[in-house]
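In order, the protein sequences belong to chains A and B.
Every letter in the first sequence is one number past the one before it in numbering that gives the first Met the number 0, and letter 172, counting from 1, is 171.
Every letter in the second sequence is one number past the one before it in numbering that gives the first Met the number 0, and letter 187, counting from 1, is 186.
What the hints contain is simulated information worked out from the structure, not anything from laboratory work.
Don't take every hint at face value.
Said to hold, decoys possible - Stretch-level coverage of chain B by chain A, calculated; a stretch enters the list once three of its residues show a Cβ under 8 Å from a Cβ in chain A:
#1 35–47
#2 103–117
#3 122–130
#4 145–152
#5 159–165
What the hints assert, rightly or not - Away from chain B, derived, C-beta distances all over 10 Å, residues of chain A:
#6 Arg17
#7 Leu28
#8 Glu34
#9 Gly51
#10 Ser69
#11 Gly147
#12 Ala164
#13 Gly248
#14 Gly282
#15 Ala298
#16 Thr305
#17 Phe318
#18 Thr325
Keep in mind that this is a model prediction, so the values were computed, not measured.
Backbone N, C-alpha and C fix where the C-beta goes; we use that ideal spot for every residue, glycine too.
2 protein chains.
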Amino acid sequence: MNVADSPPFQNAIDRLLRSASGRLLNRELSRRWPETGEQLDTMARHALLPAGKLLRPIMALQAAEIVGGSAADIVTAALGVEYLHAATLVHDDVIDGDALRRGRPTVAAAFGVPSAIVSGDSLIFSAFEALVDEPWASTPARVIAVVGALAEAGRDLCRGQTLEAQLVGDIEAGARWYLEMIRLKTGALFRAACYIGATLGGADTDTASVLARYGEHVGIAFQIRDDLLCYVATPESTGKPASSDLSNGRPTLPLILAYQAAAVPERRELLAVLGRRAGELDGDLDRVRDLVTARGAVAAAHGRMTEYVERALAELAVFAPSPGRTVLEGIARWTTGGPGAGVPGADVPQGDAR
Amino acid sequence: MNVADSPPFQNAIDRLLRSASGRLLNRELSRRWPETGEQLDTMARHALLPAGKLLRPIMALQAAEIVGGSAADIVTAALGVEYLHAATLVHDDVIDGDALRRGRPTVAAAFGVPSAIVSGDSLIFSAFEALVDEPWASTPARVIAVVGALAEAGRDLCRGQTLEAQLVGDIEAGARWYLEMIRLKTGALFRAACYIGATLGGADTDTASVLARYGEHVGIAFQIRDDLLCYVATPESTGKPASSDLSNGRPTLPLILAYQAAAVPERRELLAVLGRRAGELDGDLDRVRDLVTARGAVAAAHGRMTEYVERALAELAVFAPSPGRTVLEGIARWTTGGPGAGVPGADVPQGDAR
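Based on the provided sequences and hints, a complete structural model is requested.
Spelled out as structure tokens, the structure:
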């Protein structure tokens, strides 16, 4: 569950999924993952279909088009990015012990933890197979470059997860490392998606780097917004349990900013809550939420998020107006509830922001 | 723990590790994985160093040399094969709940299961990074081919593990699927190691396929021998708990062949033992061992293993004599305790073989 599932956002996602790119990806996913009766394929199907938002592969296709390439030529590679994303979700659910994802049993819940570990591994291998599938989407040198980019992004994801685990319960370290952590954990695969699309679409190195930066900024903004959600929306409207980050002891940006703005007694309170476990949080949650809002931390975190949306949009300014650019701008705005997207949190008070 | 750790075999492995290839690989492993203080690197170091037998990367280097390539040029890619092997061990230990490997705590035991899952994933990504590291070991088209080969081998490993889990407790299914299962689970990465070495070493497609088949046959023989160990050697001499496969309900080749040769009451006995759990097996183990030997199944499984060694050696016959060919022949013989290797089990009675 994340920000993208909040109702007002869903309309924008639905439009994307109904676009030519969305339909192409959905059609190819179903065609490439038929029911074979083999358990490994069944698990992959379970993880991949029905498809999620397909944000990353859609961004890859648009990045190819914006540089003059063809979405159809790179669809296999774009799906590879989705396989890697799915692999990380399958393993994340094992690590977090989660039984549900998007309202369905996780692979771990449906097939058991050992099988889920193997299924995630297999999806990683499928991701690399997709990049080198023949006919190659571009010149051999470009194919090699995108293999390297996907492998690097994969290692960044792992570094981000490791860093996140190390920050549990530690607001001070969180303050130092939060942005780097989400850049690795979430920004890296958005970055790779755009880089891969652009490179296979024929971009020169500089242009591919511009799109990679765009992707990374969008990913960072996306994660800040995800971390904001439990402070700006009700669980009913988002489906996200309001206490999940808190009960996992995660120092997310709103908490970090509230801590930095708080007086000493309030700081002690926040530290105490972060050290507690799920089930012990009932009374504390409203108090933390009030504190975070009162210290202006919701608005401040929203401001940080908007900075990254603006940076993403600024990268796109080098491209002439085109349908691809419009879609990528839209994703930056929609994903993060930016101006005009009308998602909860876009209208938080700004006066107290720092 | 596996066959390669039995004492007489260790001498051959020690010689390999002291060879130019072995020293090159060990030196590069230590150089590439320094202590950085980052937890992900620390876990990778734990999984990779001190190095194991390095059989697969040594085979990759020899495959390159036998086709006229240079071991030094492909050492990075050969290490990539080792990273993938290490990744599978890290995840296997999570899946099996094992706390020790080669006498040291597993990554899961030392760093926890969540970190071990992430560490295994990261090693997979490092494997692919190693293949595409610059300067490329060969032409771009060959680099792409080996990425595809490693990804395919990775998926085969996953299919083999899934199949193995499905065969638990089922001798009849085991009889049908055992060879395919070990071809996927163990043969695939030996195959990929040789294919990658040969391809980057400059082999044409046919020659690379010859070496790939050699590798697959060695891997199959290696696994049969591993499965034989608990019937032909004492735990003291091998370090392998005699009941591990039995208590996991795994229908390995000796058990399958004994079952096929047994009378109905004995079949019932074997089925009953395979259905029991660890801790309930004490009295049964000697009985099963006696039965497997009495039905000629040890000798028969040894015969099957020798067939695969012979097939591996036959593939090498197309190459002119060379130091590389001698090493690869030696690995086939040594790995599997073939003629002259003097490892336990090479001298089991042959008269009752079928």
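Under the constraints set out in the numbered hints, which ones does this structure not fulfil?
11 and 12
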